[in-house]
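Visitor: Knowing the structure of chain A, use the given hints to seat chain B on it.
First to last, the protein sequences are chains A and B.
Count the first sequence with the working numbering and you get residues 1 to 460, in order.
Count the second sequence with the working numbering and you get residues 1 to 460, in order.
A couple of the hints might just be wrong.
These stretches of chain A come out as covered by chain B in the derived footprint (C-beta under 8 Å, 3 or more residues) [as the list claims (entries may be wrong)]:
(1) 121 to 128
(2) 132 to 143
(3) 373 to 385
Residues from chain B that face chain A, not an exhaustive set, calculated with beta carbons under 8 Å [claimed, not checked]:
(4) Ser59
(5) Pro121
(6) Arg201
(7) Ala252
(8) Gly256
(9) Val257
(10) Glu297
(11) Ala301
By construction, these hints were calculated from the structure, which means they are not laboratory data.
All values derive from a computational prediction rather than experimental measurement.
For glycine and all other residues, C-beta sits at the position ideal for the given N, C-alpha and C.
The lines below spell out each chain.
Protein chains: 2
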Amino acid sequence: MTPSPAAALLEANSRYDIGGCLADIGDVPVVTDAVNVRRRSRDFFWYSPVLNEQLKGKSADVIVTPRDEADVIRVAAACARRRVPLTVRAGGTGNYGQAVPLEGGVLLDITGLAAIEWQRPGLVRVGAGAKMNDIDALTRPAGWELRMHPSTKRSATIGGFVAGGSGGVGSVTYGGLREPGNIVAARIVTVEEEPRVLELRGDAAQKINRAYGTTGIITALEMPLAPAWPWIDLIITFDDFFDAMRVGYDAALADGVVKKLLTPMIWPIPQHFGPLRGHCPEGRHVIFAMIAEPSLESFKAILGSRGTITYEAPHDDAPAVEPLYEYTWNHTTLQWLKQDRTITYLQCLFPHDRLIDSVREMWAMFPDEVLPHTEFIRFAGRVTCSALPIVRYTNVARLNEIIALHEHHGVLIANPHVYTLEDGSRHKRADADQLGFKAEVDPYGLLNPGKMRSYKPARN
Amino acid sequence: MTPSPAAALLEANSRYDIGGCLADIGDVPVVTDAVNVRRRSRDFFWYSPVLNEQLKGKSADVIVTPRDEADVIRVAAACARRRVPLTVRAGGTGNYGQAVPLEGGVLLDITGLAAIEWQRPGLVRVGAGAKMNDIDALTRPAGWELRMHPSTKRSATIGGFVAGGSGGVGSVTYGGLREPGNIVAARIVTVEEEPRVLELRGDAAQKINRAYGTTGIITALEMPLAPAWPWIDLIITFDDFFDAMRVGYDAALADGVVKKLLTPMIWPIPQHFGPLRGHCPEGRHVIFAMIAEPSLESFKAILGSRGTITYEAPHDDAPAVEPLYEYTWNHTTLQWLKQDRTITYLQCLFPHDRLIDSVREMWAMFPDEVLPHTEFIRFAGRVTCSALPIVRYTNVARLNEIIALHEHHGVLIANPHVYTLEDGSRHKRADADQLGFKAEVDPYGLLNPGKMRSYKPARN
Chain A
1 MTPSPAAALL EANSRYDIGG CLADIGDVPV VTDAVNVRRR SRDFFWYSPV LNEQLKGKSA
61 DVIVTPRDEA DVIRVAAACA RRRVPLTVRA GGTGNYGQAV PLEGGVLLDI TGLAAIEWQR
121 PGLVRVGAGA KMNDIDALTR PAGWELRMHP STKRSATIGG FVAGGSGGVG SVTYGGLREP
181 GNIVAARIVT VEEEPRVLEL RGDAAQKINR AYGTTGIITA LEMPLAPAWP WIDLIITFDD
241 FFDAMRVGYD AALADGVVKK LLTPMIWPIP QHFGPLRGHC PEGRHVIFAM IAEPSLESFK
301 AILGSRGTIT YEAPHDDAPA VEPLYEYTWN HTTLQWLKQD RTITYLQCLF PHDRLIDSVR
361 EMWAMFPDEV LPHTEFIRFA GRVTCSALPI VRYTNVARLN EIIALHEHHG VLIANPHVYT
421 LEDGSRHKRA DADQLGFKAE VDPYGLLNPG KMRSYKPARN
Chain B
1 MTPSPAAALL EANSRYDIGG CLADIGDVPV VTDAVNVRRR SRDFFWYSPV LNEQLKGKSA
61 DVIVTPRDEA DVIRVAAACA RRRVPLTVRA GGTGNYGQAV PLEGGVLLDI TGLAAIEWQR
121 PGLVRVGAGA KMNDIDALTR PAGWELRMHP STKRSATIGG FVAGGSGGVG SVTYGGLREP
181 GNIVAARIVT VEEEPRVLEL RGDAAQKINR AYGTTGIITA LEMPLAPAWP WIDLIITFDD
241 FFDAMRVGYD AALADGVVKK LLTPMIWPIP QHFGPLRGHC PEGRHVIFAM IAEPSLESFK
301 AILGSRGTIT YEAPHDDAPA VEPLYEYTWN HTTLQWLKQD RTITYLQCLF PHDRLIDSVR
361 EMWAMFPDEV LPHTEFIRFA GRVTCSALPI VRYTNVARLN EIIALHEHHG VLIANPHVYT
421 LEDGSRHKRA DADQLGFKAE VDPYGLLNPG KMRSYKPARN
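Next comes chain A alone, as it looks inside the complex (with noise of 0.2 Å):
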């Protein structure tokens, strides 16, 4: 078979053999454009000053945009004959760089495999490359919804979130996807010269919890729903930021109180939220929340005169609309971002049995320079919080240093400054092997080469 023009063009520029791989693939659709391909190996790493400069020159040879699981077994196989890379992409929200191809070769969209394969009361099974919105509209008419998302859902797939996720607006509830329940299965293509195909289910699912695609390409999940319950969006100000830390825990810790969102977060952080800022007083600290309506008057009670609510309304989750969560999360660095880049941020877990004081005592240690922004949540069963705190950057050698004094207090990092699975992910992925699992699954090692850096490929 004669390789195509573009692909005798790619393989004259790349280190792999592109066009025998592409030959392999027949039919299955393609991206070759230069730009398209540069442009659709980026995710959000570029919250990151540090990862920008290492990732930011990182691109795949090729584009692969596979129509179904029969394509993806197609490009599997193709790439591990060829042993040629293979990085899969969904919708590239990520942070951490995990659609980005360290080693070029192939980018695998699979945001194609996006059929809704069945529901049922309390569960759905879906292609990885849906889209969370889309999940949630289709499930939503009979009463459910995703137990938690991203703040990137409007774009975000479930394939993405399960891959390089690991908990976000409904995680003060239900915990993160390494709880157990929280993923219920995944089915799994092999990159091996003949790919199978794994049913992963139960606690063997957590080996492709935030491998960052690693450990196997995700065609299909099973995922928990939740009651959809009317939620309400409310913003919530407070004259002194540990009564938001306060009221945030108790409501947090009221388990008849049905919630979605608990998100503190300091004063000048509500000074970049655009269309919300006339709802953030000068001075004042919010919390940011989504509360069952049903539970409002409970939370209200709860509240008492320790804040002022100065915004209230129904969660409207049509996907033109810009819902309250994206400035919660990590979209609150992201309203930042849009109007200066100097900053960055962490990802912190904090010790949940002395929550309040352990915020207390890292916001005095850089009153000026990380600023407290927390989310509550379940971690193992138990109410603390995760943290995204808005750090105003000078170097490197400074943002170790933060992280370094973090941990050294307990506080523990998710450092999103590092592009490898084993400096970044930690405490958010469950307790699975996944460098044991990556062996028999991804044997060549190809599945975005050095992501998971401490693998060594047990074939070559």
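Guide: Below, chain B alone, put in the same frame as chain A:
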């Protein structure tokens, strides 16, 4: 108005002007038959040999059975004017003598106030005398049920549960009635010469929580609802009781696993489980559990090979079916008492921050005398265990010694062997000024005088 012959007879035997009272209330139905009055002046206080001695002779003089709130107001006014004690009774399923009139007088049977006023997603408003099973049957078609119920759900009323319960099946997810949001509102009638009707919302509703009906006559309640999952009843058996504890703890901490009941019980408790005895092999410890069907696979992944499932069936909530939960909470005690009246029980709350160690410590201290039966719950937002251990009873002094030793070792006891509010309830109520509130709503101290022993009537 001339009193009826029955009323005249009653008056002759009572310290109170019962005849005048009955004349005042006009056509509100009454029961004067002494056998019936004595029988319905009792509840399940006889679980405690101590209460049995203290309360077995107590009786009202007459039972009044209001048809609606207007009737309640007439009775309250009459009792206030005539200074006749008034004790509220509903299903009579309590264990603290809360339905036993300590000083005689009128027993107010509120089971006629059973209307469902309205329901909407997540909330229901009902008469206080509505049976909990009936409420569930009426809310389930729309996909809802009460968040929690006692093991007596088939005969208990919602008013009795709120006034004298504390939590139960469902508290592993929602905590007890004391948690914010678990009682949305209560409507009460005051016992005054001109009774008032008060709507207590939010925090204020805690003023009637587990006050045994001494802080106003509850006529209606607004209660939060939970999604009515298809529940799976499970019996799981274990070689070691502490394996059962650990599995229960892991499942209780798993926020991704939807559950309603997690009840570890040590052998030989299951020996007394009649129809379910066949699923409880000799010498093996058990967990009785209710898990939402879509979470069952995840629950089994948590269980792994640590225990053996001997029973698994969809929960049937039909009123005529004896449900699995009637072997848990205080029905566990009842199952044993059916065969052997020499035992009694305690009500414990273990410390959440050293839960398993604390259970082990108590078990080691009284290995054959206090048999562990724990109930996983959330309390103030933390996973811990309530417990209703079986106590091999010898005498009051030893019982009090056992209680003191528990408390000395950090295990809270809500003593079910005392009949006053102050001595028995403790941690089960929220922090509400029930004593101060009583002065407002029961100034003459007529609501079961002696039950709230620290109350001194505001007026005579």
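Visitor: If a hint holds in the structure, say so; if it doesn't, say that too.
Guide: Hint check:
{"no.": "1", "hint": "121 to 128", "result": "holds (count 3)"}
{"no.": "2", "hint": "132 to 143", "result": "violated (count 1)"}
{"no.": "3", "hint": "373 to 385", "result": "holds (count 5)"}
{"no.": "4", "hint": "Ser59", "result": "violated (38 Å)"}
{"no.": "5", "hint": "Pro121", "result": "holds (7 Å)"}
{"no.": "6", "hint": "Arg201", "result": "holds (7 Å)"}
{"no.": "7", "hint": "Ala252", "result": "holds (7 Å)"}
{"no.": "8", "hint": "Gly256", "result": "holds (3 Å)"}
{"no.": "9", "hint": "Val257", "result": "holds (4 Å)"}
{"no.": "10", "hint": "Glu297", "result": "holds (6 Å)"}
{"no.": "11", "hint": "Ala301", "result": "holds (4 Å)"}
Violation of the numbered hints given earlier is confined to hints 2 and 4; the remaining hints are satisfied by the structure.
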